[in-house]
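K.L.:
Letter by letter, the chains look like this.
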Amino acid sequence: MAATATAPPATTLKRFETMSLIRLFEEEAERQYKAARIGGYCHLSSGQEAATVGTVEALAAEDLLVTGYRCHGFALARGVTPEAVMAELFGRRDGCAHGRGGSMHLLDASRGFYGGWGIVGGQLPIATGMALSLVRRGASQAVLCELGDGAINMGAWHESLNLAAVWHLPVVFLVINNQYGMGTSVERASAEPDLYKRATAYRIRGEQVDGDDLEAVLAISQELLAEAREERRPAVLEALTYRYRGHSVADAGLAYRTKEEIAERRKRDPLERARRVLREGGVAKKEIEAAEASAAAAVARATEFATASPAPEVDRLAAGMYAPGSGEQFARMEPGSPFGERELVFAGGLGE
Amino acid sequence: MAATATAPPATTLKRFETMSLIRLFEEEAERQYKAARIGGYCHLSSGQEAATVGTVEALAAEDLLVTGYRCHGFALARGVTPEAVMAELFGRRDGCAHGRGGSMHLLDASRGFYGGWGIVGGQLPIATGMALSLVRRGASQAVLCELGDGAINMGAWHESLNLAAVWHLPVVFLVINNQYGMGTSVERASAEPDLYKRATAYRIRGEQVDGDDLEAVLAISQELLAEAREERRPAVLEALTYRYRGHSVADAGLAYRTKEEIAERRKRDPLERARRVLREGGVAKKEIEAAEASAAAAVARATEFATASPAPEVDRLAAGMYAPGSGEQFARMEPGSPFGERELVFAGGLGE
Amino acid sequence: MSAVKAVEPEVVAARSGVETMTYREALRLAMRQEMQRDERVFVMGEEVGVFDGSYKVTAGLLDEFGPDRVRDTPISEEGFLGAGVGAAMLGERPVVEIMTLNFLLVAMDQVINHAAKIGAMFGGEVRCPMVIRTPNGAGNQLTAQHSQSFDGWFAGTPGLKVVAPANPNDAKGLLKAAIRDDDPVLVIENLPIYKEKGEVELDPELTTPIGLAAVAREGSDLTVVAHSFATVRALRVAEKLAAERGVSVEVIDLRSLRPLDVETVAASVAKTNRVLCVEEGWATYGVSAELAARIQSACFDDLDAPVERVGMAEVPLPYAKELELAAMPTEDRIEAAILRQLELAA
Amino acid sequence: MSAVKAVEPEVVAARSGVETMTYREALRLAMRQEMQRDERVFVMGEEVGVFDGSYKVTAGLLDEFGPDRVRDTPISEEGFLGAGVGAAMLGERPVVEIMTLNFLLVAMDQVINHAAKIGAMFGGEVRCPMVIRTPNGAGNQLTAQHSQSFDGWFAGTPGLKVVAPANPNDAKGLLKAAIRDDDPVLVIENLPIYKEKGEVELDPELTTPIGLAAVAREGSDLTVVAHSFATVRALRVAEKLAAERGVSVEVIDLRSLRPLDVETVAASVAKTNRVLCVEEGWATYGVSAELAARIQSACFDDLDAPVERVGMAEVPLPYAKELELAAMPTEDRIEAAILRQLELAA
Ligand SMILES: Cc1ncc(C[n+]2csc(CCOP(=O)(O)OP(=O)(O)O)c2C)c(N)n1
Ligand SMILES: Cc1ncc(C[n+]2csc(CCOP(=O)(O)OP(=O)(O)O)c2C)c(N)n1
Ligand SMILES: [Mg+2]
Ligand SMILES: [Mg+2]
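Chains as they are written, first to last, in my numbering: chain A, 98 to 449; chain B, 98 to 449; chain C, 3 to 348; chain D, 3 to 348.
Do not rely on the hints blindly, as some may be mistaken.
[Unchecked claim] Now the in silico label distances, taken between C-beta atoms and shown as ranges:
id : chain 1 : residue 1 : chain 2 : residue 2 : range
1  : A       : ARG128    : C       : ALA307    : 49 to 57 Å
2  : A       : ARG300    : B       : GLN276    : 16 to 24 Å
3  : D       : PRO211    : C       : ASP70     : 56 to 64 Å
4  : B       : SER237    : A       : ARG300    : 30 to 38 Å
5  : C       : GLY141    : D       : GLU201    : 49 to 57 Å
6  : A       : SER237    : B       : GLN276    : 34 to 42 Å
7  : C       : ALA307    : D       : ARG247    : 31 to 39 Å
8  : B       : GLU361    : D       : ASN142    : 30 to 38 Å
9  : D       : ASN142    : C       : ALA307    : 39 to 47 Å
If you are wondering where the hints come from, they were derived from the structure by calculation, not from laboratory data.
Values in this document were obtained by computation on a predicted structure and should not be read as measured data.
Ideal placement from N, C-alpha and C gives every residue a C-beta, glycine not left out.
I would like the entire structure built from these sequences, with the hints used as guidance.
P.N.:
Shown next, in the form of structure tokens:
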């Protein structure tokens, strides 16, 4: 990855386009949710684009990415097509998890993106184990593990950080500090509100960065990921940012914060900032508009694609649950079995 | 509690007697275990007497104490009679838990000693909740919660410390660092081997003390407990000490450390040290011997008492499981119930 | 617990008689009444205060009782549930809300190895009078990690009591009974029922006894045994079958899972001779397994057909609407099973 | 997983034929054979290395395979079990040891909400081929927090497979099958059986199929269905009753709990017409509940008497020897239940 300072306009413009893509995708997702084409929990990342794109851009092609449930932006930044993401949100066969996972459980192993997890903190031990596996095979790859400011108070944080540090694993824990875990502010939840400082409890490096400054995020991410890859040094990176929308589409997001606070934060909008930087870097206004237009077109194509994609086959309900060959193991379970077993697990639905 | 400096010889002699009592009690427990009068897991604290007595002596009468499974010493230091402790180890009716808990689950609510817990780290959230309850009722009391150097890597540590700190609860977490969690040294288990430093992750005070120096342990414990009681300031106290015997009576304790290491540590024996301090403080040799003799006599009486105490009544097997009045709730569960239910739970065994 | 004294009940929420309200409102009423009655009762959990509860069950409680009795917690289920255990050991009456049953897994050790053990393990010297409130259930495409019902795991744990109300009146009555109970009680609520309306007896002294099932609907042809949302489904099917096919289905609402009221179930089966057990969760190794075991034993000579079961398809619940629907123990599925049992299947 | 290549099997531990060894040694042999066969296999857990395993199952493995493949962990079950999940998602074959089943509760979320969900939740795009090894069981006065068997909870979780060997040969065969399986498998070992001896087939290619029960002893009067240590108890009682009262008891050793081999159980009951289900854990909502439910359904017309059950008394296991003995599903208790079933009770 070229260091930001020397990044050619084309690169920075591409990054801006990705940020725009995420913003527009989230806005479309909200519309589609309200139109009942998307269900379940749907967590948007509008406002967090710089933190998302800046960290993902710092990943090498072979690096791995693990996140929580607020993962649309991370998937898109990692190169999962808007079509595959939107189709997953629509619960369709062509979704990146074939309609099984939905908004919270996006995944694309071919791009080293291993989910998309819904239990707060649950992804941390998993990311740690992936880093352990990288070490076992002598690969110089790193894992980037996203979590939120609320997740940092889960026991899984402590156990994972200690394991990563005591075993010298190549994993960078990215704390997206958007100021709130649902309706609870960082100050009400965390005895050490400077979250990056908690890295000291494990004798590893902890850094805090303005998460709305794409270049700054990219630079520190590259540094920490390089240390992880080359020196097996785990680290904590806290990106300070803000979530414009509610916790999920179902939350108005005003019970615990003021309209004024949101307006205040919007003044520091990462997209606005990126536009400014581009203009200052001599990029023409219409090039910027072209990038936004192409992002908008990509989102439109995604919705079209998702709408056209077929629903998963109901008779393959249990597909993927067990590995091929398991049907034989389950064959003798049938006599007297209750509904679920007989009609679903044994109706050739074991994914074979 | 009188500050150590000004402690009259009688007080220091009494503390020495308690330390001797613990040492002799543990030696007797090991003998009785080998004679098959004690079963289950039996964890001895020989070598940790100063850390045990020094911290418990700092407790006010109304303060609360919660510990892990290595709790004989803490129970004795808190004033639970050797008779009640030994009877519990023997599994007898007159044991402090009526033979239900055994070595790992000693308890004496009348002395504010709330166990005696066997799941590593499990006692931390419970002690934290007790501190919360003290605050709710406006009591100026504190909770002392013991854990080991190995337990500090459990998620429960992190969640409990954060809750205690963010809610300003009067609890002091006492980390008995005896260098090993079973066969795993602190260096192999903890990315920050200076365990007290982990307090900084919660913006609270952390102190380290020579756990074999009774006076030093007492002094810092008094200070931290006072801050907890009067200013609702939680804290971490790491006491550096050593366990002479194996992890439990079943462990020879030599697979992971050398005979030399143990011999080296025995040179700093807390009892030896206490004897020296007493002599220097002008206490006569025979007074010291008298204290040891009375400790020995107490242990002898304990074994005698435990031997004479009757076994629990088998037809009261389920006693205590549910509160009085619950029998009525369970009455309609009987038809077709499996063995355990019918013959035991319903045989008037519900503790009423 | 001298330090925590129970105050005189100055029950504002006490208008006697009945009022129609949602399950959610009934739970809230129960908490308000018990918090007014007993200072030792306090509520703790994620988003229960400022956010009004993620499913709005605790809405308004913070304003009425203040932050000391309606305590927002960090995301630390093991920590704050365990804190509830500790407070209860000192005689308080914590009501700990876990956002959904799925998240109770991170606090499992505190529930099973701690709360459930205290009474017996310490020889009856201390008790743990706490309540854990949490909804089970699926639907709304919440997907595999957020759509589970582990009801039987807790009901199978000696030392715990487990209730699972299926209507607003029992929601109020059972939650109140749980709060007043001197043992740890898990109150399993249910996501789809939160919005269901029903008549609730307002009398603050009325509670629903723990361990007593209800004949939710009388019938003579077949007995359906259910709890929680499955009871709601069963009642709908029973009405439909009565209207469309003149079939008379008796519905037993267990209400409590531990203690389990086998007596009421057995009496019904003795009358109808055919039984279907329904649950929202997986049937294999589920609640309906214990029911079938008890029924075949208690009613061996009464049964004209084997005990049948309907539960969620044995898969981690998928996201797609079509797949989710295919996996759920829907009314269609329950109806089909009833007709099979009665040999009326087309 | 190109990066992790399976090495050529240069199987030192392969003398064909049989050898008598303990259950503990058989488990160790299985791990040695699989670690030699496949570099992706590694062992991780508390005290598995330097300490030789707290129950000595992994003794010597550190010397043979080194610290990278025999990894001592801090006391952080949720952390290192979850690390196993992550490594498995990348195609490794972690064998995670949890010191006893009781401690799995602190890692429950990783097992149920993560390992079990991966295959289905991500649409089959990734798998989780991991093994969790842990002993259940009681005895030796380990008391309430250390004497539990939650076998049914895991067996009731779609996405998991659960096996529970009752003798050395199956210990070796099932652990090897679990390690080679492409799904997460919980291998439930048992404290009292660790020291039991038996003949073990040494052939490294021999595995015990997952999902296949065994007729551990043929008989004609009554079927006892059991798993893990309960099978050992059942076999002792069967021999005793044959010798003393000429009663012919058939013993079915389930070996796998998920998948559950109902076919073999049903075939036996069809022959004997009477059945007793025995388990080390609590029977209510336990494994024997599912067995009774399946049997009454599959063998409705074959049963001469209700399915009976024997399990641990429904109490947190107390410490005192006398109380513990009174609570356990002892041979005496099993014998009494069999005689009751056969109406031979004195
Ligand atoms: C163990 C667990 N507890 C509670 C929840 C419910 N929940 C989902 S997201 C969330 C807030 C997380 O906040 P944060 O970590 O800051 O991430 P953000 O939503 O801000 O991205 C909560 C409490 C859960 N999914 N898992
Ligand atoms: C959750 C859990 N995991 C594992 C164990 C088994 N175990 C009992 S004590 C112990 C070591 C604890 O070491 P430490 O905290 O240093 O306390 P010490 O024994 O040195 O007093 C372990 C691993 C347990 N009881 N609970
Ligand atoms: Mg947040
Ligand atoms: Mg230690």
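K.L.:
If you check the beta carbons of ALA307 (chain C) and ARG247 (chain D), does the distance land in 31 to 39 Å?
P.N.:
Taking Cβ atoms as reference, ALA307 (chain C) and ARG247 (chain D) lie about 35 Å apart, which means the hint holds.
K.L.:
Given a hint of 49 to 57 Å, does the C-beta separation of ARG128 (chain A) and ALA307 (chain C) actually sit inside it?
P.N.:
holds, 52 Å
K.L.:
Between SER237 (chain B) and ARG300 (chain A), does the beta-carbon spacing fit 30 to 38 Å?
P.N.:
The hinted range 30 to 38 Å holds for SER237 (chain B) and ARG300 (chain A), with Cβ atoms some 37 Å apart.
K.L.:
Could you tell me whether the CB distance from GLY141 (chain C) to GLU201 (chain D) stays inside 49 to 57 Å?
P.N.:
holds, 53 Å
K.L.:
A range of 16 to 24 Å was offered for this pair. Does it hold for the Cβ distance of ARG300 (chain A) and GLN276 (chain B)?
P.N.:
holds, 19 Å
K.L.:
Confirm or reject the claim that SER237 (chain A) and GLN276 (chain B) have a C-beta distance inside 34 to 42 Å.
P.N.:
holds, 35 Å
K.L.:
Does the Cβ-Cβ separation between PRO211 (chain D) and ASP70 (chain C) fall within 56 to 64 Å?
P.N.:
holds, 59 Å
K.L.:
Could you see if the CB distance from GLU361 (chain B) to ASN142 (chain D) stays within 30 to 38 Å?
P.N.:
holds, 34 Å
K.L.:
Is 39 to 47 Å right for how far apart the beta carbons of ASN142 (chain D) and ALA307 (chain C) are?
P.N.:
Holds, since ASN142 (chain D) and ALA307 (chain C) (Cβ atoms, about 45 Å apart) stay within the stated range.
Violated hints are absent here; each numbered hint is respected by the structure.
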